[in-house]
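A.B. asks: Sequence:
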Amino acid sequence: MAVRGPTRSGPVTSLKLVTIDGDSIQREDVPGHHPGVQSKDSVRVAAKDVLADGVVAITLVRPDGDRLPDWTPGSHIDVVVPDSGGSSLVRQYSLCGDRWDAHSYRIAVLREPQSRGGSQYLVDELAVGDLISIGTPRNHFKLSPARRFQFIAGGIGITPIMTMIDAADVDGA
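For the working numbering, count along the sequence shown from 1 and bump the result up by 4.
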């Protein structure tokens, strides 16, 4: 859960409550067709780092080294992954890297043992050098302008908040 709201020294200027689950909306897809993935793009896994027990950070780049589309704090991308039944799933992961780095995206993935296989595949099987399909960044959790912020997040829900904290710091809020 993430809450943006009052600070110790001032009144509430903005309040937004959002619940973020580790393995998001489930969609079934026909192989080769991925509804819900806007502007599908192939990216290469440039790095995979263990952040905590069952959590990895995955850095994605274009195979040709070109720029990736810009994104804003709170944005997520669709990631197409194989499921345990042999077809594919679309999962959403918040971007949590440096938004000024135009050549890479970074996502954090929590391995969910009870999932249909998306997070398990990304944590256990995806390797540096592998290609995966992603969608263009979208933002349904935009950071609204305010003079001050208080950020609260728990677990993997910290990922979109990290970029918001950076943006608020840059803006002096």
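By construction, these hints were calculated from the structure, which means they are not laboratory data.
Everything numeric in this text was worked out from a predicted model, so none of it was measured.
Every residue, glycine too, gets a C-beta built ideally from N, C-alpha and C.
Do not rely on the hints blindly, as some may be mistaken.
Here are the simulated SDA-like pairs of lysine to any residue, each with C-alpha atoms no more than 20 Å apart in a straight line [unchecked claim]:
| hint | residue 1 | residue 2 |
| --- | --- | --- |
| 1 | K44 | R152 |
| 2 | K52 | R115 |
| 3 | K52 | F145 |
Label-pair ranges, simulated between beta-carbon atoms [as the list claims (entries may be wrong)]:
| hint | residue 1 | residue 2 | range |
| --- | --- | --- | --- |
| 4 | P117 | T76 | 13 to 21 Å |
| 5 | D74 | I169 | 32 to 40 Å |
| 6 | G90 | V174 | 40 to 48 Å |
| 7 | S137 | H107 | 17 to 25 Å |
A.B. asks: Would the hint linking K52 and F145 be met if the CA-CA limit is 20 Å?
C.D. replies: 25 Å, violated
A.B. asks: Determine whether the Cβ-Cβ distance between P117 and T76 falls within the hinted range of 13 to 21 Å.
C.D. replies: 32 Å, violated
A.B. asks: Verify the CB-CB distance for G90 and V174 against the hinted window 40 to 48 Å.
C.D. replies: 45 Å, holds
A.B. asks: Would the hint linking K52 and R115 be met if the CA-CA limit is 20 Å?
C.D. replies: 14 Å, holds
A.B. asks: Taken at face value, is the distance from the CA of R152 to the CA of K44 at most 20 Å?
C.D. replies: It is violated: about 37 Å lies between the C-alpha atoms, which goes past 20 Å.
A.B. asks: I want to verify a distance hint. Is the separation of the beta carbons of D74 and I169 within 32 to 40 Å?
C.D. replies: 19 Å, violated
A.B. asks: Between S137 and H107, is the Cβ distance one that fits in 17 to 25 Å?
C.D. replies: 18 Å, holds
Hint violations for this structure: numbers 1, 3, 4, 5, all remaining hints satisfied.
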